[in-house]
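Asks: Place chains Y, X, A, H and E on chain L using the hints.
Protein chains: 6
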Amino acid sequence: MKNDVKKGIGHVSVGDAYDGFLLIREATKGLTSNGKPFLTLMLRDASGEIEAKLWDASKEDESLFVPEQIVKLAGEVGQFRGKPQLKILSVRPSQPTDDVHVSDFVEKAPIEKDRLIEKLTEAIFEMQNATLQRIVRAFIKKYQEALLTYPAATRNHHEYASGLAHHIVSMLAIAKELHQLYPQLNKDLLYAGIILHDIGKIKELSGVVTTTYTLEGKLLGHIPMMIEEIGLMAEELQVEEEEEVLILKHLVLSHHGKAEWGSPKPPLVREAEILHLIDLLDAKLNMLNRSLEKVKPGEFTERLFAMDNRAFYKPLFED
Amino acid sequence: MKNDVKKGIGHVSVGDAYDGFLLIREATKGLTSNGKPFLTLMLRDASGEIEAKLWDASKEDESLFVPEQIVKLAGEVGQFRGKPQLKILSVRPSQPTDDVHVSDFVEKAPIEKDRLIEKLTEAIFEMQNATLQRIVRAFIKKYQEALLTYPAATRNHHEYASGLAHHIVSMLAIAKELHQLYPQLNKDLLYAGIILHDIGKIKELSGVVTTTYTLEGKLLGHIPMMIEEIGLMAEELQVEEEEEVLILKHLVLSHHGKAEWGSPKPPLVREAEILHLIDLLDAKLNMLNRSLEKVKPGEFTERLFAMDNRAFYKPLFED
Amino acid sequence: MKNDVKKGIGHVSVGDAYDGFLLIREATKGLTSNGKPFLTLMLRDASGEIEAKLWDASKEDESLFVPEQIVKLAGEVGQFRGKPQLKILSVRPSQPTDDVHVSDFVEKAPIEKDRLIEKLTEAIFEMQNATLQRIVRAFIKKYQEALLTYPAATRNHHEYASGLAHHIVSMLAIAKELHQLYPQLNKDLLYAGIILHDIGKIKELSGVVTTTYTLEGKLLGHIPMMIEEIGLMAEELQVEEEEEVLILKHLVLSHHGKAEWGSPKPPLVREAEILHLIDLLDAKLNMLNRSLEKVKPGEFTERLFAMDNRAFYKPLFED
Amino acid sequence: MKNDVKKGIGHVSVGDAYDGFLLIREATKGLTSNGKPFLTLMLRDASGEIEAKLWDASKEDESLFVPEQIVKLAGEVGQFRGKPQLKILSVRPSQPTDDVHVSDFVEKAPIEKDRLIEKLTEAIFEMQNATLQRIVRAFIKKYQEALLTYPAATRNHHEYASGLAHHIVSMLAIAKELHQLYPQLNKDLLYAGIILHDIGKIKELSGVVTTTYTLEGKLLGHIPMMIEEIGLMAEELQVEEEEEVLILKHLVLSHHGKAEWGSPKPPLVREAEILHLIDLLDAKLNMLNRSLEKVKPGEFTERLFAMDNRAFYKPLFED
Amino acid sequence: MKNDVKKGIGHVSVGDAYDGFLLIREATKGLTSNGKPFLTLMLRDASGEIEAKLWDASKEDESLFVPEQIVKLAGEVGQFRGKPQLKILSVRPSQPTDDVHVSDFVEKAPIEKDRLIEKLTEAIFEMQNATLQRIVRAFIKKYQEALLTYPAATRNHHEYASGLAHHIVSMLAIAKELHQLYPQLNKDLLYAGIILHDIGKIKELSGVVTTTYTLEGKLLGHIPMMIEEIGLMAEELQVEEEEEVLILKHLVLSHHGKAEWGSPKPPLVREAEILHLIDLLDAKLNMLNRSLEKVKPGEFTERLFAMDNRAFYKPLFED
Amino acid sequence: MKNDVKKGIGHVSVGDAYDGFLLIREATKGLTSNGKPFLTLMLRDASGEIEAKLWDASKEDESLFVPEQIVKLAGEVGQFRGKPQLKILSVRPSQPTDDVHVSDFVEKAPIEKDRLIEKLTEAIFEMQNATLQRIVRAFIKKYQEALLTYPAATRNHHEYASGLAHHIVSMLAIAKELHQLYPQLNKDLLYAGIILHDIGKIKELSGVVTTTYTLEGKLLGHIPMMIEEIGLMAEELQVEEEEEVLILKHLVLSHHGKAEWGSPKPPLVREAEILHLIDLLDAKLNMLNRSLEKVKPGEFTERLFAMDNRAFYKPLFED
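Protein chains in written order, with this note's numbering: chain L, 1 to 319; chain Y, 1 to 319; chain X, 1 to 319; chain A, 1 to 319; chain H, 1 to 319; chain E, 1 to 319.
Mixed in with the good hints, there may be bad ones.
All copies of an identical chain are treated as equivalent in the list; a pair is satisfied when it fits inside any one copy or across any two copies.
Quick list of in silico lysine-lysine cross-link-like pairs, DSS-like style, CA-CA up to 30 Å [unchecked claim]: (1) K294 to K36; (2) K296 to K36; (3) K218 to K203; (4) K176 to K296; (5) K36 to K187.
Don't read these hints as lab results, they were simulated from the structure.
Excised from the complex, chain L in its bound form:
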């Protein structure tokens, strides 16, 4: 039995010992059949997550082991109803001297923040339409910090730290290439639409570590919230009468493609249609690439909920 902390909790096997730091993502109280209190902890590091039970939990334990708390834990990996479960041997909250940080325990985009902001800045610099450029710049300034840390969704695609910026930067790259192949496309409009289309998620989602929906997110959703934000920003910049503002709102409003998918109007401008397709393409490639990485040639991935529950096959032959 040796310490396997190096490989991360997402890669341990049944029977492994574990000794290291983990972040509590969720903590639920329970009662055993003979009435003893216990805690079910969902623990994670940047590689994945695992469930653990803390038996005979005292009132103090309940107040110590709460979501977003980092813990030092030693245990053994067992199994419960077909899933790995961590048997806790010892556990304590982390201390300042441990020098561990919440941000170390969440999955991150494969590209660094600096590089992401650089790419974004480059795209904005390319834009020639002053109105669109000013609006985009103002939003980047307002939300820069959150934009670089938020995921693009709570699950399915780009659901990791900086996922939102990573998604935007990938979409900008596709747009750039498409514009070269089809010069009729209005690049500035497409860029502006791509950069702003999901920024409403910053108000729709609660944060990076334990991402849930805010009340505003539940009752309004990121699309109408963003239409309102663009309206307010246009007033501030005194460009509210420019047609660019209306068209940009339309791109954001229609980017889910259909009423059933949350866009009260379908795309009715060429760049709106293309924004929708690029969004789909990048989200699907992100999901597919990450799922296929986890399987060997000749195998199928797990079923992907956001892709109509399909399991994908990885061929045996290679490029």
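Replies: For chains Y, X, A, H and E alone, kept in the frame of chain L given last:
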């Protein structure tokens, strides 16, 4: 052959003579098989409309007989492909001395504007929640003129002058009664939702006489436009942080009931669900009552497009 | 550990002791892993229900502890897979001297039977159409007892004793108000439709205590059953040729609104459409009000299956 | 120009002369562009139908040339908007001495009435379940005349005189064979279901010559009407408590297969499912055989509305 | 406690002892809460299947007890979460001297292989179209062995050894009868379509004992695979230009009836439509008859997934 | 009145004279109300098409003026029911000395054939997987002529000469860029899928000038036809056992994305999903760009049937 102008163009029969004033709603140029230009005019008064052909139309005719122009016309009612058509014997644009006004030629709500504004004011006066009351008051002040003249839709229900205010006032009456039967309902919230739910139509539709969709209406629709307006108004009134604002936006956003019908979020607050149902109830009763008025007991109405294309039966026995 | 029977089984917490009378709603035999027989009992009083296990159940126990039997039980509230479970310390069937009655153990409408029948009688008294009035009176007479005890459904809305009558009486109140706002509505027809629309449920459902579907209910459903009943009743009253009978059948037949929802014909008479909408409105308000009562301001209700699985938010501010 | 009456109006070509008797199926008044009245007549014999215009129609003409009147007509086959149209040279109502009868002018089933009733009687004779046999016998007795003359539908399949009986007799033949292949099927139940499933159409449709829907047919439909009829008949025969009655009602109720297609309950008894499939099979074969008869090998039929608008191909090779 | 092996594992009850041979259909490794390895075995004979746990499984056990291995087992029938489970007292792999064969442990069609091939041969002998007959003969020759052993599906209908041939033979019998009732049907085409329609399943499914989908089956499906096979066979027989080949491919391609059900083209030839309906009829009768056999009169079957999840009622009265 | 032949028939206005060569796409016989024969001709050149009537058409005319015949025609542009119609003054079939060719009268891809084949060859040259490359090369060789002349569809997108090759070449360009952005994509597989996905259209469609569906196209469709072709080709090249062949068939089979859209299997391999999206993207851009070219900034296009009947707006501001 006698002059039937008294009964209004909506009530003439084939063979009737006609002599009176009509409003041009639409004018389309055409060319006969031997190349002669003519105008197809869609003419209306407050009772209905009829098509007419102006043969051998000169360039001058084309510039005189345009939409929203009132004309003095004498003719005979004939028939073309199963529909009445007015054969023009003489026609001239109206003159100031004729003392006729566009507003005389459009259908109007069965309740006077004064009475409508009185009813609205009463409802607002009943409200006790200061935030909701202030927002509603501000909108009524901003849009009073348009609110009292706009139709509630381009067709289907309340599609006449003051239709929007008429629809609101009827819904308020239903809400008042429901609140008495179910005191759990938050009356202030329901009233505010009813008054504001369709005000976005003032920007979505082009006007009263020849109602079409504005560009903003086509690309955004009245629901997202109104969310933005409430946001801006709340900032002005410095109440943007109150939960009432969020809930009111949700009521407006969800009042179509389903994503497929244009509401990106379904009703998730009790009063939002009830607003949706009252809207449906009042719109359907308006359509049904007006269609059934046109048929005799023992007959079916024409098919009503907005009610799944059903034709309704009017029973022979009476209340 | 004190006796908490006062507050009712629907309000006990894990750890509470319990000593009181409960009604058996369901009793299922099981076998432990080492082959010992046991009974799983679903027990209820007017406030709610709880599961209990009776270990080492003898043949005699199996014959004593059956559905609709009241038992005197002492035990402790524990937990099993996240749900409360009653640990039985002692249990015996109730005796005549206990003076407890099945009707004390089921949830009831918030309005007394006397008041419900009074309201129904008032409505019938208001009716002026002799044919409709006679039919309605005859049905009330035939089914009075069941009508006042049956629930309106097995679950979702008005699923409690006298629920059917409660639903009818609420709908009549809405109809009365709507008729005042829209005098075109045929009140007699609407009243007759409301009173009869769900009476078929008396044959579709098995009863008040352990409500299930009868064979006839499963194979025909309450709507076609009621059409047949109206036909038979009309023959008895010798009014089968009156148009009122046909229209009344149509109201009952179409009250679910759509073929997919069980109405082979959609509403094709104004009052049929309004009956459908009032039915919806009252059912939804019943569900919403009862769910929202259980949560605090700022919280969401549980998901409501019959309302497209939505969870509803209770705002923080009040009327 | 020779008289082509021998081949029937359904087989004439543009340019043919016509002289013979025809039945008026529909007569509509119109007005020419210069205000002259005319009649549009839809005329038919057993082979098909054709449109004709009677110009300068007098008031007397309007009262003579009405639906279900037979006329003696001479004319020429022309064409209007791509469809054949009969140019009337002379026309007069038929006289008693002409010895022509409405029944000669409608399409008929390919099997004689005598043979149809014989087949029906044979099937009933084969039945051994007394309850089912009595009910079926009673219905045959009650409706024999109409059963042998009604079509099975206004269009699509078996839409000719005796079509209803023809459809039943074909279905009985399929059922008999299926019962031999699958002896588990309850033949008596299947026979009873087949014979009664569409008898409600006798009240749903107006008759044989100009088949439309009755008011009862529009507001209730043949399925609920038949459930009621079986209920009344069972009371008369005092078998209303037998399970056969309930199951037979279920077969009739569910024979359209799905709620969307008019059956509030889907088939929940084996013979109900098989009744639905035999109904489908026979209706489709009737449509297919009659459409394919009209085209040559190597051609497609016209699009068949009731078969999802498909056009069917007739192969070049033969059996 | 007596040995109940005679009645087969599908008919044992909780508490029965068992001693006999069973086939392993599935074997899954698990780990108890205290880390001990065990095997979950799914065991079957021709009458049904049961789960069993082999506790403290050694590495050797893991290699001995694998799918398609027959074992000699003694144990007792217990229960786990409402389902029977076999408690293993002793178990060993079968030996050659046991003289047991995998084919004895799978469910079989109720008709012997010899009789099935005889029926098939008869049908082919009846065919008069040389092209169709040659193609069918060639396929029967190529796949005879598999055709007589394969099931028609992994579940739902004819999911037993020889199920494919059984399904074909039943369908041929229905087709023969239908052809007598409707002589317009091209019997040769219908026969050829029936025999070939599901032969692609031989490549789509993995075999008889533990039937799963092959990779080709998952990525292409039996319909496109069979179109290709008919094309290759037609080339071999040098009949690829005959229209019969195209029409036969169409029958196979369209036999699922709709795009949503896997047929890229709907039936566009009469016999294609009839093939689809016969396929449905035979599959449904197979499911219904087998499910109804398991219940008593007055009961409902379990819900049948492939029949829209309906449970079917077995009436109390009999034929 | 001057000769406007220079600008092409697609650009003429009502009142213009016309004198030039046109191709007959369709010729239909008709009969006037007084029985005179005439021909309705649909005439086209590379710029568009127009209808014309040839009155008093003789038998000789009927045999001269047939589809795919080029004619020399002088006439005047009039109007019929809102659409331009050519009034014929004189018309004669073209003569060899006119030196006009059918290929001059059809719309062509904006890229020359030489350039298209060059691009295709480059892509194939880039491929490294020998099996995929050999199959693609073999198909290009087999169908080169047709591939370079066929349209990609009968209407909607790339519906012009060389449209198929143009569509393939555009998709290859997108694929190349995507592969650079997402190197995980198997470029060879994607290229092979793109090149072959629509080649079945060569057998599904009848040709370039008057494109209709072949019998095989109607009964099988291009997707199953192409699966069969790949199978036959793989046998010829003796690579039928390679997994590449199966995966390539899957890409072609699934490229419509869903069963409802004609793919019996949805994409289950990453490159299949991406092929589907690139196909969509290129088809939509082709439609959008061509429709938007025809309108001015500030206008909407006509409704595009293949894009859910949407009309697209062209913004006033520019890139």
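Asks: All hints, please: hold or fail.
Replies: Status of each hint after checking the structure:
1. In this assembly of identical chains, the alpha carbons of K294 and K36 lie at most 30 Å apart only when taken from different copies (27 Å versus 39 Å within one copy).
2. In the homo-oligomer, the alpha carbons of K296 and K36 lie at most 30 Å apart only across protomers (28 Å), although the nearest pairing inside one protomer, at 44 Å, exceeds that limit.
3. For a Cα distance limit of 30 Å, the shortest separation of K218 from K203 qualifies both inside one copy, at 10 Å, and across copies, at 27 Å.
4. In the homo-oligomer, the alpha carbons of K176 and K296 lie at most 30 Å apart only across protomers (25 Å), although the nearest pairing inside one protomer, at 33 Å, exceeds that limit.
5. Taking identical chains as interchangeable, the C-alpha atoms of K36 and K187 are never at most 30 Å apart, the minima being 63 Å within one chain and 47 Å between chains.
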